[in-house]
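**Q** Chain residues, written in single-letter form:
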Amino acid sequence: MSGGTRLENANPLIFQRSGERLLTATDEDDDVADPIDDREIFDLIRSINDPEHPLSLEELNVVEQMRVNVNDEESTVSVEFTPTIPHCSMATLIGLSIKVKLLRSLPDRFKIDVHITPGTHASEDAVNKQLADKERVAAALENSQLLEVVNQCLYTRSM
Amino acid sequence: MAADNSLLLGLVEEFVSGQVDSKATETASGVKTGQFTILQLVEALGLSLTSSQPHTRGRGVQLLSQVLQECYSCLSEREVEVLIAFYENRLKDHYVITPHVLQGLKALTKCSVLPPGSAVSILRSIFQDVHVQSLMLAERSCVYNILISLMESREEELKGLGADFTFGFVQSVDGERDPRNLLLAFQVARNIIHRGYDLGKFVEELFEVTSCYFPIDFSPPPNDPHGITQEDLILSLRNVLTGTSRFAEFLLPLIIEKLDSDVQSAKVDSLLTLAACGLTYSHKELAEFLPGLWSSIRREVFQTASERVESAGLSALGALTSSLSRSVLSSDSEDSLQVFLNLVLKDCQHHLCEPDLKLVWPSTKLLQAAAGASYRASLIVSATVIPALLEQYNNRTQCAQRRTLLEVLQGFVQPTPLSRPADGVESVLVAFQQSLCSVVFSALAESSAGLQVTATRVLTALGQQPCLLAQADVEKAVDHLTRLILEEEDTQVSSAVVECSGSLAHLHPKAFISRMIPRLKEEILSGETQCTRAHTHHTHCSLTDNLGLLSSTESNAAVRLRCVTAVASVSSQLSVVQESTPVLLQVLASAHTGSCSFSVEEVSAVCISLQRIAAHARDTEEIGRFFHSNIIPRLLGLALQAALQSRDSGHSSPLTDEAVLSALVPVISTACAALQSESASRMAAQAVSLFLDGDVSFLPENAFPSQIQLLQSQAECRGPSQLVCLLMACVCSLPRSVDVPEIDRLLVQLEDLICTCSHLFCYTFAAKCFAGLVNKRPAGEALDAVLERVLKRINVELENGSSSQRTQAFTLLLWVAKALLLRYHPLSTALTDKLFALLSDPELGSQAADGFCVLMSDSPDVLNRSCHADVRIMYRQRFFAENSSKLVEGFNSAEQEKKSCYLKALSHIVNNLPREVQLTELPALLPLLLEALSCPDREVQFSTLSCMQPVLLEPPEALRNQLEALFSRMLALTTSPDMKVRIASIRCVHALSRLPEHVILPFRARVLKALAVCLDDRKRLVRNEAVAARGQWFLLGSPGGK
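Heads up: the sequence lines are chains A and D, in that order.
When the letters of the first sequence are read in order and numbered with the working numbering, they come out as residues 125 to 283.
When the letters of the second sequence are read in order and numbered with the working numbering, they come out as residues 71 to 1112.
Hints are computed from structural coordinates only; laboratory data are not their basis.
Just so you know, nobody snuck in bad clues.
List of simulated lysine-lysine pairs, BS3-like, C-alpha gap at most 27 angstroms:
1) D/K1079 / A/K235
2) D/K1079 / A/K258
3) D/K956 / D/K862
The following label-pair restraints were derived from C-beta to C-beta distances:
4) A/S213 / D/P1072: 34 to 42 angstroms
5) A/S213 / D/E274: 43 to 51 angstroms
6) A/A149 / D/Q562: 14 to 22 angstroms
7) A/A149 / D/E1024: 29 to 37 angstroms
8) D/L207 / A/K258: 52 to 60 angstroms
9) A/E272 / D/S331: 15 to 23 angstroms
10) D/S335 / A/A134: 20 to 28 angstroms
11) D/V333 / A/R141: 28 to 36 angstroms
12) A/K258 / D/E557: 54 to 62 angstroms
Even for Gly, the Cβ is constructed at its ideal location relative to N, Cα and C.
Kindly produce the complete structure, drawing on both the sequences and the hints.
**A** Given below as structure tokens:
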């Protein structure tokens, strides 16, 4: 982000953020169990920071609630994300951030599948394959430079 | 004399040859007391000063310098002159002597009798004979201190040195590295620049020796022994660099260069330094660099991910613009401000036409920063930007785009303090007044909530500037606002509308009286108005679904509630209050008669609105008088009617409901607290005679029975005695100077009521009223007598274990204790000790524990500062300091099953202490708090956790030894059956992640494992906390984390 380098996509489209989830009376009731639903998963990933811009993935429309599917009983989650431009070199990094965020935030009974929205990226298959490969994700997180960038994406300012 | 002489010789001998450092102080005190003179000292030193051994000479000079440091104020001018000549000469001596010479000179420069010319000669000698940078740290600092103190006392003489002084300084400072000395050197440099010393041809040299530190990168050594921060250095260097416009030609290229840096703090520092330049530079200095500066600023604001860089960039742009605005125009050159702003507009304006793209916001901020810098700048920017935005708005049809455009527009409509037009000058927006209004009105008519909210903000901004809303526009605006209040269900929109109405009504009361109040009145009073809203334009589908389920009465109630809130918010002017309060009173009246079906919630909402109106009495005395003469009598009358009716006929109107009565209390007390002396005394007299003697003459609709006994306890719970809460509201919030008539009789009656009544609401308010009166009563025999009597009665009731009135006596004790504690009355300790003793009482223990919450927190309706109560500062700290040990002792000696009461009391007390006190006291209490965490009572757990959480955010040192115990207890509570406890404990675990990494890293794996369980909690709120906490703990010790 120094003076000399240019951003790949300096002026992206921005989208409105959805509001906070409304609290209902049953949320406060200790006796009612709340299932993990699409919105809850979406809330986990929508505030991830973009690696390039001071914007969240939601504002860049990289993630949308309709592209999140969760099945609490079968313990599966599937998330599709859409890079802002088809040649975005950050796609793998964004996918990795989403995956790491979910790994850290969901009970380990869940099987987590993160992939690119079909037809939105030039090297879709390669990226999907990388993200689906457990070993490669683990290896990527051993790389401290990569981990640093991922952590920065996941960093939340408010306490 | 001879004896003195030999004594002095002895001292000198011991110091110089014997190396006994303490003898210097003895010698100095001898000189100070007049035992020896300086001359004698010099004579005694004779041999050492002329010794052939440099070290002996050094020791001699050292003694003299150390004595001078203590005694410089008792020297004569002649002595100083001789000493200076001696010291100057010694500067040429061996290098081991130089440090002592400098110390001596430093002492001499502080003399008030410094002979003329000596300042110059000292400096010449130093500059000539000393190479400052080869001295040690302390001596370098000595030189800077000499410069500083001479600059303070001998400014004129130093200026006589001309540019030589600057050159001397430049030479001495060149190469300085220590931050402590740099702060001194920057101070000298700042003085040189700001006090007009001659820089001569050394401008560039002075710039070089200071700017070589820019941008400052300094991290203080661990444990920070000198207390110097990077910020101190940055600010003091910035002061030097931006102090004179003669540096401009060197500084501006340097800034442009440093802005290319990759280091964020360097960028921020450069931008803020540029912003500071704006104050001193004019167009002349800036002209050449403007295009370069602008493109750097633009690049930073467009590309940055950091808010600090962005805001620094914006303030730099603002400063440049305001500096150009100040420049005087010459007739032959073009307007430099116009030229510069054209540059800004050219680069930013086209982004405003792309409301979907990211750069619309940075561009807007840049343009607003420029426009906000001066009136002229706002004129130039508005002339281009506003028509473009208005055109865009009209061409776009999507709500989201229109909303962005309107939000952008909003920033241009609101003038900053710098761009506000001078008196008599019209706003820059006058030319666009018509089109702005029509855009706002069209946005208000749209169905998008976001658009409506933004439109109300623009409307507020327009309304606050003169001449931007014509009368017809105001009326139109009021109609729109009224419609939105009646029809719009979105809470965000309606609260924005209410806020906007409030601010416009303050300026245009007439339009609101004639157009809004009547409509709202109609709606509020219509029991069965049909819900005419079309169900077509809801923004949130979930809301629509919910509303579909609402029955029509419920949604009518929601409309009425909005109207009642709106009525309160527009009533800030007396003329509006006179129209609006009767509407609200009518609601209460018809709720009482039962002609309309108002629920208790609605009636309470009306009371809250009345209270908000009463709060304006603080600013407007007439509103207070209006409440005193009209509203309060009506309220008392209604409440009395309702109470009597319920006693006689059993009909219970909402006005006898405890919730409603509690809501009426703040209405009356807020109004009474604002009453001025005369009305206040009348109010007190009226209230007392009503409650003591049943005098109803000041109440309207005087149709009450003649014999009313309001302060008698009755069997039925909704009877007149519960009106004692209104008595409290009337008499306990008046200014302290007001004498309450017949106070003794009143206190006796209250005491009787408390001790005989069995109704919780009634005796609690009576006790509060009693306490409120006692708190304000001046100290003296009368007060002592009252207290003695009441304490006796309390004791009798409490000691009688079988008495049914023990709770009442306890309540009275609690409130009287609070009243006395607040004013530091000597008796308060006795009373609070009684409360401590009750903690082990089998019946009252738990109530007593909760009583400490009452004692330590501000009660909303009585005994607080807004009721003019006598509240000493820091009474909580004082109470805590005096009593914490009693609590700990009590806890240790209590039986096992009683311990929880002590813990509960403790957590109430600690919870209400200010943060600073909590931090200092926590170490002592930590064992007890840890005990409380393992206490099975969930309330105790929860209250302890919530009191620890804020403390853990900045954990004190003592905590670190207890981490093991803390973590094991906290983590155990994360699976508690109580959701509140689970959430609170996870928050604490989250807060603990802020401790220094090396301290908590050993717990990381354990915490992550324990929190993994919470990720599968059955409650979403718990899961959310666990996700946040676990995310933070994952970042610990991980690259890019902390």
